[in-house]
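Student: Starting from the known structure of chain A, arrange chains B and C on it as the hints suggest.
Residue numbers (the working numbering), protein chains in the order written: chain A, 207 to 547; chain B, 207 to 547; chain C, 207 to 547.
Careful, some of the hints might be misleading.
For chains that are exact copies, the list does not tell them apart, and a pair is met inside one copy or across any two.
[As the list claims (entries may be wrong)] Dumping the calculated PhoX-like pairs for lysine-lysine here, alpha-carbon to alpha-carbon at most 20 Å:
{"hint": "1", "residue 1": "LYS517", "residue 2": "LYS398"}
{"hint": "2", "residue 1": "LYS351", "residue 2": "LYS315"}
{"hint": "3", "residue 1": "LYS547", "residue 2": "LYS513"}
{"hint": "4", "residue 1": "LYS251", "residue 2": "LYS544"}
{"hint": "5", "residue 1": "LYS517", "residue 2": "LYS315"}
{"hint": "6", "residue 1": "LYS536", "residue 2": "LYS251"}
{"hint": "7", "residue 1": "LYS251", "residue 2": "LYS284"}
{"hint": "8", "residue 1": "LYS499", "residue 2": "LYS513"}
{"hint": "9", "residue 1": "LYS351", "residue 2": "LYS251"}
{"hint": "10", "residue 1": "LYS468", "residue 2": "LYS398"}
{"hint": "11", "residue 1": "LYS251", "residue 2": "LYS513"}
{"hint": "12", "residue 1": "LYS398", "residue 2": "LYS284"}
{"hint": "13", "residue 1": "LYS544", "residue 2": "LYS517"}
{"hint": "14", "residue 1": "LYS315", "residue 2": "LYS547"}
Rather than coming from a laboratory, the hints here were simulated on the basis of the structure.
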Amino acid sequence: MTFTARELADQIGAILEGDGSFRVTGCASPEDAAASELIFVDSEKHLESASRSRAVCVVVTPDAALSGKVLLRAANPKLAFAKAAAMLHPPAPLAQGIHPTAIVAPSAKLGEGVALGPYAVIEDGAEIGAGSQIGPYSFVGRNAKLGAGCRLHPRVTIYGGMRIGARALIHSGVVIGADGFGLVFGEGHYFKFPQIGTVEIGDDVEIGANTTIDRGALGATRLGNDVKLDNLVHIAHNVQIGDHTAISAQTGIAGSSTIGSKAIIGGQVGIGDHCHLEDGAILGSKCGILPGKIVRGGVPVWGIPAKPLAKFKEVQFWHDRLPDLAERLKVLEAAAAKQDK
Amino acid sequence: MTFTARELADQIGAILEGDGSFRVTGCASPEDAAASELIFVDSEKHLESASRSRAVCVVVTPDAALSGKVLLRAANPKLAFAKAAAMLHPPAPLAQGIHPTAIVAPSAKLGEGVALGPYAVIEDGAEIGAGSQIGPYSFVGRNAKLGAGCRLHPRVTIYGGMRIGARALIHSGVVIGADGFGLVFGEGHYFKFPQIGTVEIGDDVEIGANTTIDRGALGATRLGNDVKLDNLVHIAHNVQIGDHTAISAQTGIAGSSTIGSKAIIGGQVGIGDHCHLEDGAILGSKCGILPGKIVRGGVPVWGIPAKPLAKFKEVQFWHDRLPDLAERLKVLEAAAAKQDK
Amino acid sequence: MTFTARELADQIGAILEGDGSFRVTGCASPEDAAASELIFVDSEKHLESASRSRAVCVVVTPDAALSGKVLLRAANPKLAFAKAAAMLHPPAPLAQGIHPTAIVAPSAKLGEGVALGPYAVIEDGAEIGAGSQIGPYSFVGRNAKLGAGCRLHPRVTIYGGMRIGARALIHSGVVIGADGFGLVFGEGHYFKFPQIGTVEIGDDVEIGANTTIDRGALGATRLGNDVKLDNLVHIAHNVQIGDHTAISAQTGIAGSSTIGSKAIIGGQVGIGDHCHLEDGAILGSKCGILPGKIVRGGVPVWGIPAKPLAKFKEVQFWHDRLPDLAERLKVLEAAAAKQDK
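In isolation and in its complexed conformation, chain A is listed as follows (with noise of 0.2 Å):
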């Protein structure tokens, strides 16, 4: 798709400057940039860049200068920008029409001009809402339901009876719906908890590739609406996520979890059992929080166990010292000894 910067300027509320005939035709980096792809700038430090590259058309901010471009001013440049990407770039579809080897049973229900990849198996009673797209081997269980307008790329599983909304974007990989990991041990060996439940997740949801997000014990594992996973997450049974939390790569949250809106998670967290996590939280990566914990808002937290990031600022400042710490304290000692005498 090409634009005009004036179309592209009024489509994402930014202020132009310049000729708004100017065809583009892509985005890309300031350094690969060809002269008709579009280019963002938001820190006054990147501004040499903008300035050097071959593109023509810049998103700034309303007040940087920058002299022999097309600009578009915005208040939020990357945000104005990834509004002019999605225009400039509409993702590829997955899947058109209805592939003669996808497999769809009699009474599941498929919403008008659902697209269905090839190897795509759609059980019994599931039903998929209207213009979602499914790639090559996806697969949606009896009963299950996806809203309209997903996107599901090869080889997604959705376990039977498992809910999904509207325009779930879905890498490839990813099992939605696999048993949680309840075990009750008895008699010489461990008997499956039953893992009955449900997975619920709302509108506008991402899940990264070879995600895994379990199905409730009894009950749902619920995600809210635009939550946003990374790859390799794991979500055990019965978590509960708010809107608009984002979770980055290989974090796990274990069963029973509640996790408020807007928290942003980092990378290979890990989240013990029966943890609350406020609206607004905020996990440094690789961070640990114990079973049963509480974790407030706004208070970026570090560390395993995990505590306030100042807290294990100050705490971490003396333990890179440890070993003058040790010496401090010799030299104590020894003049004390020496006083005894």
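Tutor: Frame of chain A; chains B and C shown alone:
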């Protein structure tokens, strides 16, 4: 499936108290249960929620005081509830019959009643035990063997030559038998150390979604009976895991480590190569075991590197007070300096 | 495949000592070897096990004393053994011919001798180099390119537009080219920062099961030649990895970090965004590198946050003795208090 309270009591070894003809239709949590659904309560403090629940039939301890309900009294209510759940919620079939799109090599052997879902692929010489259900896209490679009563969810990969016992429950995305990570650097690049061994898995094993179990380099990677693995676990080449050991999500075990029976390993744990965990070892989530270390049974360990939990806590107590220790040291130094004058 | 001891010696550059006509049928460990299987021993302390082994033919160091065996003497026995293993155990084919259920778009280009397993899907404009074997359910998206001699195990996903060099070995469940985790929050919800770049992978790369490599946001995520990734590794958008770098299981590398050549990275390592690891960097398992940090080559680092291993050990020594330090401090304080009176 539905059962009367009396039928359940008889089957799960509970003592019935109240109307044995009451018909139970499923399992639920106290909060969500309908009148006909079974709940359980195993601690004094949750009796109130059981009392308030719409559920009529409750599994309780032998001496719990709960009126107005049909009671199933059992020494271990959670275990009894798990048994009842297995009766009330038998797992849905993962495949029925041999789907016409399943591809079965002529020399593969399917036991009686084996079911293959759409697009399953069973290669030459593979053997699948009676009654096993193989979900869509699941792949059983050349000469691999599965015991009776196995259940493979959609898209499980069993590489050629791997061995799996009876009643395995394997979730979507699992990969069994990929090459171990064995490399030899020489002549300016990596050579592959041979990864030609197998995986041998006992009976009654459960493997969570997207978990990977590598083949032995030479010899076998082995999992005993009743081993339970959560999601996204990594088991490297030649690891040996004893019976009844449970491993939580995102834990990784490096090459040639041996783990005894009845070990309990938390999530995101890292175990170096050539470690030995004794029977009954208990590893807290996110801990790290250095290569070659031994972990004693029965003593919980935590930290990176891991130490016995009691020791960990003792050190951590002072770690968190490091700024205070540093201040106290400074005070002593000031006093000593004053005295010197 | 079988070879005589002389043939092996010639091919792997070893010096034969003993009966060159002895026929070797495979590789094994000293404990499990049959008489006709090759073993190796590269340290004095394992000579005894080699001596006891049924194996007749042994790869040893130039000066090892081992009698009654056919010896293949090499400076690096493990390397020589790896070379012999590659001859004795050529990998089994992952596909043969073009399976009738493979779906190949008309505009896709398959090199000579390309084999496609059941249910492989090759989309429009994709190119696959000569002799490559594509396992069942493996997917090569629109305009993606694979070099010659690649081996894709069952169900690998290569998103459209990605580039992979020659002789890649890719295990089951790998996802190459999913969207990076780039988000912009504005107007009350997340917008996707454009994820329209590619992945460019060199020659002779191996990628372990269920590993994910995200496409660049703008520009490319790049892996050099001879890069080796273990299972469940996460490579974020725009990461750059130099030649001959090896990364163990469950490690994650955040966006735009650059890693030099011949780096060795342990398992469960976390590397923040915009880090730079120099050539030959060595990262201990489970360590964490803060965003933007530089890691020097040749100096092992460990800890969270990581520091040079020698420094880590020095600090850790005192960390483990914190209760003792606190006690010593208390003694000094008591003495000082006494003196004050």
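Student: Compare the structure with each hint and give your call.
Tutor: Quick rundown of the hints versus the structure:
Taking identical chains as interchangeable, the C-alpha atoms of LYS517 and LYS398 are never at most 20 Å apart, the minima being 41 Å within one chain and 34 Å between chains. When the C-alpha separation of LYS351 and LYS315 is checked against a cutoff of 20 Å, the pair qualifies only within one copy, where the shortest distance is 9 Å, while the shortest distance between copies is 36 Å. In this assembly of identical chains, the alpha carbons of LYS547 and LYS513 never lie at most 20 Å apart, being 45 Å within a copy and 40 Å across copies at closest. For a Cα distance limit of 20 Å, the shortest separation of LYS251 from LYS544 qualifies neither inside one copy, at 59 Å, nor across copies, at 51 Å.
Taking CA atoms no more than 20 Å apart as the test, LYS517 paired with LYS315 passes in neither setting, with 55 Å inside one copy and 59 Å between copies. Neither within a single protomer nor between protomers do LYS536 and LYS251 lie at most 20 Å apart by alpha-carbon distance, with minima of 49 Å and 43 Å respectively. Taking identical chains as interchangeable, the C-alpha atoms of LYS251 and LYS284 lie at most 20 Å apart only when both belong to the same chain, with a minimum of 15 Å there against 52 Å between chains. Proximity of LYS499 and LYS513 under a CA criterion of 20 Å is satisfied intra-copy only: 11 Å inside one chain copy versus 22 Å between copies.
Taking CA atoms no more than 20 Å apart as the test, LYS351 paired with LYS251 passes in neither setting, with 48 Å inside one copy and 37 Å between copies. Within a single copy, LYS468 and LYS398 get their C-alpha atoms only as close as 34 Å, which misses the 20 Å cut-off; across copies the closest is 16 Å, which meets it. For the identical chains of this complex, LYS251 and LYS513 are neighbours neither inside a copy (34 Å) nor across copies (30 Å), given an alpha-carbon limit of 20 Å. In this assembly of identical chains, LYS398 and LYS284 lie within 20 Å of each other by CA distance solely across copies; the values are 10 Å between and 48 Å within a copy.
Proximity of LYS544 to LYS517 under the C-alpha cut-off of 20 Å is found in neither arrangement, the shortest distances being 37 Å within a copy and 31 Å between copies. Proximity of LYS315 to LYS547 under the C-alpha cut-off of 20 Å is found in neither arrangement, the shortest distances being 93 Å within a copy and 88 Å between copies.
When the structure is compared with the earlier hints, violations turn up for hints 1, 3, 4, 5, 6, 9, 11, 13 and 14 and for no others.
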